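Per the numbering used here, residue 44 is the first one in the sequence shown, and the count goes up by one each step.
Please note: incorrect hints may appear among the correct ones.
Straight-line distance between alpha carbons at most 20 Å, and here's what the computed SDA-like set of lysine to any residue pairs gives [to be verified]:
#: 1; residue 1: Lys94; residue 2: Leu114
#: 2; residue 1: Lys139; residue 2: Phe166
#: 3; residue 1: Lys139; residue 2: Trp185
#: 4; residue 1: Lys139; residue 2: Phe118
#: 5; residue 1: Lys139; residue 2: Glu157
#: 6; residue 1: Lys139; residue 2: Phe175
#: 7; residue 1: Lys45; residue 2: Trp185
#: 8; residue 1: Lys94; residue 2: Val140
#: 9; residue 1: Lys139; residue 2: Met95
#: 10; residue 1: Lys94; residue 2: Leu134
#: 11; residue 1: Lys94; residue 2: Ala75
#: 12; residue 1: Lys45; residue 2: Val171
#: 13; residue 1: Lys45; residue 2: Leu173
#: 14; residue 1: Lys45; residue 2: Leu134
#: 15; residue 1: Lys94; residue 2: Gly77
#: 16; residue 1: Lys94; residue 2: Gly156
#: 17; residue 1: Lys45; residue 2: Phe118
Don't read these hints as lab results, they were simulated from the structure. Source: prediction; values computed, not measured.
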Amino acid sequence: MKLLLATRSDWALTLIRVSMGLVMFPHGAQKALGWFGGAGFSGTMELFTQKMGIPAPLAFMAIAAEFLGSLGLIFGGLTRVAAFGLLSTMLVAAFKVALPNGFFMNWFGNQKGEGLEFFILTFGLTLVSLVFGGGALSLDRWALRERKPSGSTAPIALAS
């Protein structure tokens with residue numbers, strides 16, 4: 044468990060992790076909760092399974108990875124697990140959705156849709172968190188902190 048939570052005391056890692064988590068949270072909340080104009084859990088499950096042909100267990104894992112993974116990155120809890128989940132989900136999304144649209148995000152041209160540029164940034168940022176951990180200000184780092192003894196644990200001798 045220590046290896047999973049281990050991190051450096053680097054503030055840049057915190058900035059990368061929190062930024063990625065904040066960018067991904069609205070996307071995960073759209074899918075899981077229907078916030079920000081999203082379809083919610085049942086609507087997203089229907090889209091993934093019936094229209095995109097993704098098996099239900101994998102669709103569920105993608106929704107959970109995007110929503111819970113974003114929270115994990117924001118707070119730095121189980122950072123590597125969160126980063127792996129998001130990296131995996133975004134890899135599938137890049138190939139299933141974005142690859143046909145080319146490199147650029149192009150909402151106004153003839154070929155509307157997301158290109159690969161967003162996903163390349165996602166890969167880079169989540170890979171940093173996956174390899175190096177959550178950084179200086181993370182729940183992972185807090186969980187591994189050295190605890191100082193609060194006092195003697197020896198039994199108290201009563202004087203007679």
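Tested hints:
| no. | hint | verdict |
| --- | --- | --- |
| 1 | Lys94 / Leu114 | 27 Å, violated |
| 2 | Lys139 / Phe166 | 15 Å, holds |
| 3 | Lys139 / Trp185 | 38 Å, violated |
| 4 | Lys139 / Phe118 | 29 Å, violated |
| 5 | Lys139 / Glu157 | 11 Å, holds |
| 6 | Lys139 / Phe175 | 28 Å, violated |
| 7 | Lys45 / Trp185 | 12 Å, holds |
| 8 | Lys94 / Val140 | 12 Å, holds |
| 9 | Lys139 / Met95 | 8 Å, holds |
| 10 | Lys94 / Leu134 | 19 Å, holds |
| 11 | Lys94 / Ala75 | 18 Å, holds |
| 12 | Lys45 / Val171 | 18 Å, holds |
| 13 | Lys45 / Leu173 | 14 Å, holds |
| 14 | Lys45 / Leu134 | 27 Å, violated |
| 15 | Lys94 / Gly77 | 18 Å, holds |
| 16 | Lys94 / Gly156 | 17 Å, holds |
| 17 | Lys45 / Phe118 | 18 Å, holds |
Going through the hint list in order, the structure does not satisfy hints 1, 3, 4, 6, 14.
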